[in-house]
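*Asks:* One letter stands for each residue in the lines below.
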Amino acid sequence: MKSKILLSLTAVFAATLFLTQAYAADCNWKPTRAVTYVVPWGAGGGTDANSRMLSSLLSKKFGVPFNVVNKTGGNGVTGHSALAKAKPDGYTIGSATVEIATMHWVGLTDLSYKNITPIALVDIVPAGVTVKKGSQFKSLGELLAYAKANPGKLTGSGTSQGGIWHLALAGMLQSEGMPADAIRWIPSKGAGPAMKEIMAGGVDVVTVALSEAKSLIEQGELTGLAYMNPKRMSALPDVPTTVEELANDWTLAAYITVSGPEGLPENIACSYDAAAKEAFATKEWADFKASRGSDVVYMGSKELTEMIAKSDVDLGETIKGIGLAK
Amino acid sequence: MSADVFWAIFNLDNLTVIFVCTLYGTFVGAIPGLTATMAVALLVPFTFYMDPIPAISAIVATTTTAIFAGDISGTLLRIPGTPASAAYVDDAYSLSKRGQAKTSLFVSLTTASIGGVVGVAILMLMAPQLARVAISFSSYESFWLASLGLTCAVLTGQGTVPKSFASLFIGLAIASVGIDIAVGYPRFTYGVPDLLGGISFIPAMIGIFAFSEVLRTVQSNLDSSTASDLIKEKVSDASSRMIKALSRYRRTIARSSVLGTLIGALPGAGADIAAWIAYAVARRFSKEPDQFGKGNLEGVAAGGAANNAAIAGAWTPALVFGIPGDSVTAIAIGVLLLKGLTPGPRIFIDQPELINTLFGSFFLANIIMLPMGFLAITLSTYILRIPRTIMAPIILLFSLVGAYAISSSVVAIWIVLALGIVGYLMEQNEIPLAPAILGIVLGRIIEDNFMVSMIKAQGNLLMFFERQYSLVLGVITLLLWCFLLTRMVVEISSGRRQKKK
Amino acid sequence: MNNKDRYCGIILLGLGGWIAWESSHFPVLAGMPYGPGLFPTIAAFGLSICGALILLSSLVSTQSVAEIEKSPEKDNRGQRATLNTFGVILAVIFYAMFLETAGFHLVSFLILCCLFILLQIRLVFSFVLATGVTVIIHLIFYSFLHVPLPWGILEPLAW
Chain A
1 MKSKILLSLT AVFAATLFLT QAYAADCNWK PTRAVTYVVP WGAGGGTDAN
51 SRMLSSLLSK KFGVPFNVVN KTGGNGVTGH SALAKAKPDG YTIGSATVEI
101 ATMHWVGLTD LSYKNITPIA LVDIVPAGVT VKKGSQFKSL GELLAYAKAN
151 PGKLTGSGTS QGGIWHLALA GMLQSEGMPA DAIRWIPSKG AGPAMKEIMA
201 GGVDVVTVAL SEAKSLIEQG ELTGLAYMNP KRMSALPDVP TTVEELANDW
251 TLAAYITVSG PEGLPENIAC SYDAAAKEAF ATKEWADFKA SRGSDVVYMG
301 SKELTEMIAK SDVDLGETIK GIGLAK
Chain B
1 MSADVFWAIF NLDNLTVIFV CTLYGTFVGA IPGLTATMAV ALLVPFTFYM
51 DPIPAISAIV ATTTTAIFAG DISGTLLRIP GTPASAAYVD DAYSLSKRGQ
101 AKTSLFVSLT TASIGGVVGV AILMLMAPQL ARVAISFSSY ESFWLASLGL
151 TCAVLTGQGT VPKSFASLFI GLAIASVGID IAVGYPRFTY GVPDLLGGIS
201 FIPAMIGIFA FSEVLRTVQS NLDSSTASDL IKEKVSDASS RMIKALSRYR
251 RTIARSSVLG TLIGALPGAG ADIAAWIAYA VARRFSKEPD QFGKGNLEGV
301 AAGGAANNAA IAGAWTPALV FGIPGDSVTA IAIGVLLLKG LTPGPRIFID
351 QPELINTLFG SFFLANIIML PMGFLAITLS TYILRIPRTI MAPIILLFSL
401 VGAYAISSSV VAIWIVLALG IVGYLMEQNE IPLAPAILGI VLGRIIEDNF
451 MVSMIKAQGN LLMFFERQYS LVLGVITLLL WCFLLTRMVV EISSGRRQKK
501 K
Chain C
1 MNNKDRYCGI ILLGLGGWIA WESSHFPVLA GMPYGPGLFP TIAAFGLSIC
51 GALILLSSLV STQSVAEIEK SPEKDNRGQR ATLNTFGVIL AVIFYAMFLE
101 TAGFHLVSFL ILCCLFILLQ IRLVFSFVLA TGVTVIIHLI FYSFLHVPLP
151 WGILEPLAW
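In order, the protein sequences belong to chains A, B and C.
Under our numbering, the residue at position 148 of the first sequence is numbered 148, and the numbers go up by one with no gaps.
Under our numbering, the residue at position 120 of the second sequence is numbered 120, and the numbers go up by one with no gaps.
Under our numbering, the residue at position 60 of the third sequence is numbered 60, and the numbers go up by one with no gaps.
FYI, nobody ran anything at the bench for these hints, they're computed from the structure.
Treat the hints with caution; some may be incorrect.
[As the list claims (entries may be wrong)] Some chain C residues near chain A, calculated using beta-carbon distances under 7 Å:
1) HIS146
2) PRO148
3) ALA158
[As the list claims (entries may be wrong)] These stretches of chain B come out as covered by chain A in the derived footprint (C-beta under 8 Å, 3 or more residues):
4) 322-331
5) 446-458
Model, not experiment: these values are computed from the prediction.
Even glycine gets a Cβ: it sits at the ideal position worked out from N, Cα and C.
Taking the hints into account, I'd like the entire structure generated from these sequences.
*Replies:* In structure tokens:
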């Protein structure tokens, strides 16, 4: 134990030294006291896990505590608005998730990605289509054909009404020329309760990220029919993609970013960007990502802002298309 | 148990971790407003640098002691640390006022330890079978289970039936603040983003119990000379009373431990519902049901054993299917995954040493909790020696900071104030507080599961009884409702007043 | 006591009515006669019924109320108690209003001082105690448990 602590202390020291040398010019802002890290979702979830891991790496790097605060509720509105409205002095950052591009379309809030300063991409997870083992549906095609013949008979779940996994299902149905409620949506308080429902036989299909269902699929309790991604993922190579299975190219992914409040100064944003990039290159981060069945990704502030802007438009189209826009 | 397993449990690293975490858990749990979940979440960065076994031991040791330590502030200050402790806080606090704080806390501690050990034993014997049952709970069953928990709160309520129900409905009304599950409509939020998530139970509990107690303290005669006689309870006296209570209520403790584990294993609000149901059942079978709520050790023993047993139970679906029963086990699953261990049926077959070591650590944590707890109790009862004029403002500040800490939001402080006044007025009108707390905790669970079920069933109420377990739970709940209604009619027609005071 | 029950019943009835009225404006689910208003409405009806029952039982028992002894109400509370009550409530209001702008340390110290003085603790001792408790809470919550307490106007001193 002791030797490990000593070792990590040395590592912090070394990292600090390295940092001061590496980023001399613009991006050399450093927090000198504790930083608050806002997470809009609850402890124990995917966003929380990613955020806690990242904040511990950032804390190691900068030598000040990064205190994770879970500001949950309102399907993400509470936490996102706390992040957006915080003082942009670099002492409050947090995780903005894909909901920043959907919440305003469904009329939950006025907040959009323009009210935050995206810093770096943390995680991106495609939606999946998962059924219980022994289900009558062996492929995505069979499932959709049944739903087309019997609209409203099947039920799907994964998150709240108008939440990202709902859009995944409704958008896919729509792109296949079916009504968005051909599979009826059963709202749930997030991916966890939805997994319980499908295990209990309460719903027929869940469209949460396949990484959420990974361990149950590996154990044979659930069957992954497809995921909504252009290419297969290394974590579950046997599960096909929607691009392979369907005629149109329907894909949908949720993402987690590290972002700052609106109007975060450029030098602070790029300092965090650099720090995050460095954190993502560590072995701890690679191990962590592997344990959750997702790949290490990186996207800097500018690219990320463009990506969110594009997803905002795309998801807006989907939401309008399925009649959830307000 | 093989030698490997033995050494894995009793190796120095693991023992140190358990030891430190029991200290930590006691400390965090005893501070009003800080929860076991928060304690565990703060541990996560440290577990990154630990081996899997110490990492899990750390989580287990922290949760078990934090749940017990919630009883310390509950008994001494009437601020239950968790909703699970709220079931018997009236008993514990009355005992403390009578000068038996140590006795009550010793009983809490030992029954917590017993409950925890029984819970692990059940887990070792039948985790996979239990998990199969737990996993078959859909929204229908969860709805009935939570309703059953609420009904138990009304059954054990101190006031008349209408007043107990009124308290419950106040709780349910408070729980309906925030965005709803079916369409995401913001109810009673008046544009405050922090209310969209609803009123969380920590500030609610701090308000209803702690704040109203502070108000009562500053109103009462603040001459503190009488208080000091009450606190001179000798450890030896308390211990002998505890041992007497343990042997006298051994059936209650055993029943509550088993019940707690089983209920804890089911999805939903495990430990909270477990404590209330165990408390209600204990009262039903007690020889002195009238004494419940007025300082009965049997109630403390029942609730104390049940909520710690439920902690162990909550691990069942997490270990067997990787489906978390609560946020603590959700965090634990993340830690296991990070260590390259995927929870699931296969973990029992592929890595039996790991599972056995884990269970061993559970046992150990519950045993080490005993001496640490005794120490914490002995030290913390010194609080009672501090004059109340000094304690009241300090309790107030701790409560406010604790409420703020949950989400770093000032709204929590307004909630403490508002519900504190509500709680004070309720007490003045002899409306019991406990059902309201449970209403706040379970209201959301009940509503979510009810609405989800209604959407699934497309409004067909009969669907609530279609499934095997939901039929059983539903019928029990409905029978209890009928019983309560009859009691109410009798009460009113005879114009009977409650016997309190 | 009987009067108190009567007021209590009326207040609960009113509360229930108000919640029911508010809930009736909530939207409903597509194709179904209920929605987000269902649960608050159930709670509201529950409250009203309980209120009515409490009112009813207080009226019913009036006949026999003469023999119910009046519980020894603490009438000796007097002004002191009222003053203390309002002191505590004001302290909390002050705390909530200025916590984020003035900062945790200042506000905590101030309300502790005021409350101690209100509860007739000696001035010097109040100051010492308030400082001590503020420092202890800072150490426990900010330093040890990593809760971000706001610094407010003391931000230049933050660490």
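*Asks:* Hint validation: C:ALA158 versus chain A, beta carbon distance must be below 7 Å. Holds or violated?
*Replies:* holds, 5 Å
*Asks:* Has the segment 322-331 of chain B got at least three residues whose CB is nearer than 8 Å to a CB belonging to chain A?
*Replies:* It holds, with 8 qualifying residues against the three required.
*Asks:* Under the criterion of a CB-CB separation shorter than 7 Å, is C:HIS146 in contact with chain A as hinted?
*Replies:* holds, 4 Å
*Asks:* C:PRO148 was flagged as interface toward chain A. Is the shortest Cβ-Cβ separation under 7 Å?
*Replies:* Interface hint status for C:PRO148: holds (4 Å vs cutoff 7 Å).
*Asks:* Taking 8 Å as the C-beta cutoff, is the stated coverage of the segment 446-458 of chain B by chain A satisfied by three or more residues?
*Replies:* holds (count 5)
Checked against the numbered hints given earlier, the structure satisfies every one of them.
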